[in-house]
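A.B. asks: Go by the hints and put chain B onto chain A.
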Amino acid sequence: MIEFKLPSLGADMDQGKLVEWKVKPGDAVKRGQVVAVVDTSKAAVEVEIWQDGTMFEQLVPIGEAVPVGTVIATLLAPGETPEQAALQKRAAPAPRAASKPAAPAAAVPVAGETPAAATLAQRKPVSPAARKHARELNVDVEKIAGTGPHGAVTIEDVEKAAAAVHAAAAPAAADRYAEMRKAIAAAMSRSKREIPHYYLSETIPMQRAAEWLAGENAKRSVTERILMGALQLKAVALALAKTPELNGFWKNGAFEPATGVHIGVAISIRQGGLIPPAIHDVDKKSLPELMRALSDLVARVRAGSLRSSEMSDPTITVTNLGDTGVEAVFGVIYPPQVALVGFGRMETRPWSEDGKLFTAPLVTASLSADHRASNGIRGARFLAELRERLQHPEEL
Amino acid sequence: MNESEIRTRVVGVIKSVAPELEEGELKADRPLRDQIDLDSMDWLNVLVALHEKLHVDIPEADYGKLVTLNDLVGYLREKLAQRAT
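These protein sequence lines map, in sequence, to chains A and B. First residue of the first sequence? That's 278 in the numbering used here, and the numbers climb one at a time after it. First residue of the second sequence? That's 235 in the numbering used here, and the numbers climb one at a time after it.
Rather than coming from a laboratory, the hints here were simulated on the basis of the structure. Please note: incorrect hints may appear among the correct ones.
Claimed, not checked - Derived pair list, reagent style EDC-like, types lysine to aspartate or glutamate, alpha-carbon separation capped at 20 Å: (1) LYS313(B) x ASP296(B); (2) LYS469(A) x GLU237(B); (3) LYS249(B) x ASP263(B); (4) LYS299(B) x GLU257(B); (5) LYS496(A) x GLU237(B); (6) LYS437(A) x ASP600(A); (7) LYS496(A) x ASP296(B); (8) LYS299(B) x GLU488(A); (9) LYS299(B) x GLU604(A); (10) LYS261(B) x ASP291(B); (11) LYS313(B) x GLU237(B); (12) LYS496(A) x ASP263(B); (13) LYS307(A) x ASP291(A); (14) LYS299(B) x GLU624(A); (15) LYS287(B) x GLU501(A).
As the list claims (entries may be wrong) - Listed next, the stretches of chain A that the computed footprint assigns to chain B, with coverage defined by at least 3 CB atoms under 8 Å from CB atoms of chain B: (16) 504 to 510; (17) 566 to 575; (18) 614 to 620.
Quick caveat, the model's predicted, so the values are computed rather than measured. Glycine included, every Cβ here is placed at the ideal spot set by N, Cα and C.
So that you can see chain B by itself, here it is in the shape it has in the complex:
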């Protein structure tokens, strides 16, 4: 799965949790939580949905690294690449 495919999946998941999000409104290098109203339950729902779609389990200890959309996409790409090798 290439980066743009991962990005499409991630944005799709975020939209499923925050349906009010307008496409193109999201700045990929800005903290997600500054741009969308995501409480801790919403965030958990995002991670659960990513787990279902991409089969990647993100440990809680890594939450701190995942601030922007770019962070999340980069992290998932790395995890998926590790699994492929």
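Pulled out of the complex, with its shape left as it was, chain A reads as follows:
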């Protein structure tokens, strides 16, 4: 039996409300498939599963908020029968109760009772039609107060409950904004409390990158045009190869290097707020691929439709405030990441190279890094490498 747990949805999100099951018990699921939609304070997130199997039991009803790490469903491993899974389940403690100490008392089986017995004891009269309808609407009949004879749950009760769940699942924009502010506040407070930040900045001449990009974009239709932001992301990803101690996580008192370069891109939401979902394997993507990934991500952030893997695994964050016109940004690291790279606006200014004075477009790149994981000299090395990479745009 496979336990499917609610994955981490980013440093600033510790719980999610189940909005929808995308598969039914008995459905086969494939690694990478979206199986549920969970509402966080920031967005509705599509939760993927990372193992093949068959959906067995869905343990969390629609509309219920549960902490990250809660077992929300069990699946049959390939070849496993429901009988084997049921045996295993009886032998093990109730999965939800085990990982969710704060669960309401009613959901925790009484000591000595098997989970199955507890469920049986609480079973209420429900007509088969109402039970079937509840399954179709994805509501938990056991949680519905029945209005029929002997407290039986009627079809009407099921529909009312489904409507209530639906209303609860769509928080008003103002509520969502307030929740998002709270979540950002918690993550950023934790960051400033726990992470000893150090900050470095470097002015990078961008005339080569700007000229090269103008030449490339002149050849492209507007639908295939590349933004400077994509070049900057790629340059960051490649520069990290020489300073891997900036790409990863600080966990349990030690640095864990990441295996891939998944850059969290700080994307603002028009109504306010900020989400930093990841673009995966940025170092391995071509610029056109990266540009498509970036456009797609911005569009999905603004439409509020993200995947759990994008929320949970950025290995470093890049923030670009150049469009707002600031010269430089010194960001706050998203725990458990250990670095954040910032870009300010590109501006033409006096510049000298090889003893010649001329004007050139310049950008200030900055690094906020966790001093527990790296030292300033390594951070400086990273910024020097970033500058170098941006002088060879054709290699990006």
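C.D. replies: This is chain B only, laid out in the frame that chain A set:
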């Protein structure tokens, strides 16, 4: 397509990218980016949407000419007129 039709299309596209924009709030002779929060990705999305609706491809070199709503409408009218002849 006459000027007022082009203007309606352009305003529609800008509203699709910046839904918070109130009709009538936009001053046609003032820089767009002073009035609406448009980052470089939003601007690109405006151009891509105009490309889809009007089939006009605006080269990057012309971005500098397109500061106000009037600039954009005038530029598109000219391009569409060139194509018609």
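A.B. asks: It remains to establish, for every hint, whether it holds in the given structure.
C.D. replies: Going down the list of hints, with the structure as the test:
1. LYS313(B) x ASP296(B): OK: LYS313(B) and ASP296(B) at ~12 Å, within 20 Å.
2. LYS469(A) x GLU237(B): Violated, at about 54 Å.
3. LYS249(B) x ASP263(B): Answer holds: LYS249(B) to ASP263(B) is near 17 Å, not above 20 Å.
4. LYS299(B) x GLU257(B): violated, 24 Å
5. LYS496(A) x GLU237(B): Roughly 29 Å between the alpha carbons, so the hint for LYS496(A) and GLU237(B) is violated.
6. LYS437(A) x ASP600(A): At roughly 47 Å apart (the allowed maximum being 20 Å), ASP600(A) and LYS437(A) break the hint.
7. LYS496(A) x ASP296(B): OK: LYS496(A) and ASP296(B) at ~14 Å, within 20 Å.
8. LYS299(B) x GLU488(A): holds, 19 Å
9. LYS299(B) x GLU604(A): Distance ~24 Å between LYS299(B) and GLU604(A) Cα, so the pair is violated.
10. LYS261(B) x ASP291(B): violated, 25 Å
11. LYS313(B) x GLU237(B): holds, 12 Å
12. LYS496(A) x ASP263(B): violated, 31 Å
13. LYS307(A) x ASP291(A): violated, 26 Å
14. LYS299(B) x GLU624(A): holds, 18 Å
15. LYS287(B) x GLU501(A): Answer holds: LYS287(B) to GLU501(A) is near 16 Å, not above 20 Å.
16. 504 to 510: Holds: 3 residues of the segment 504 to 510 of chain A have a Cβ under 8 Å from chain B.
17. 566 to 575: holds (count 3)
18. 614 to 620: Violated: only 0 residues of the segment 614 to 620 of chain A have a Cβ under 8 Å from chain B.
Hints 2, 4, 5, 6, 9, 10, 12, 13 and 18 from the earlier list are contradicted by this structure; the remaining hints agree with it.
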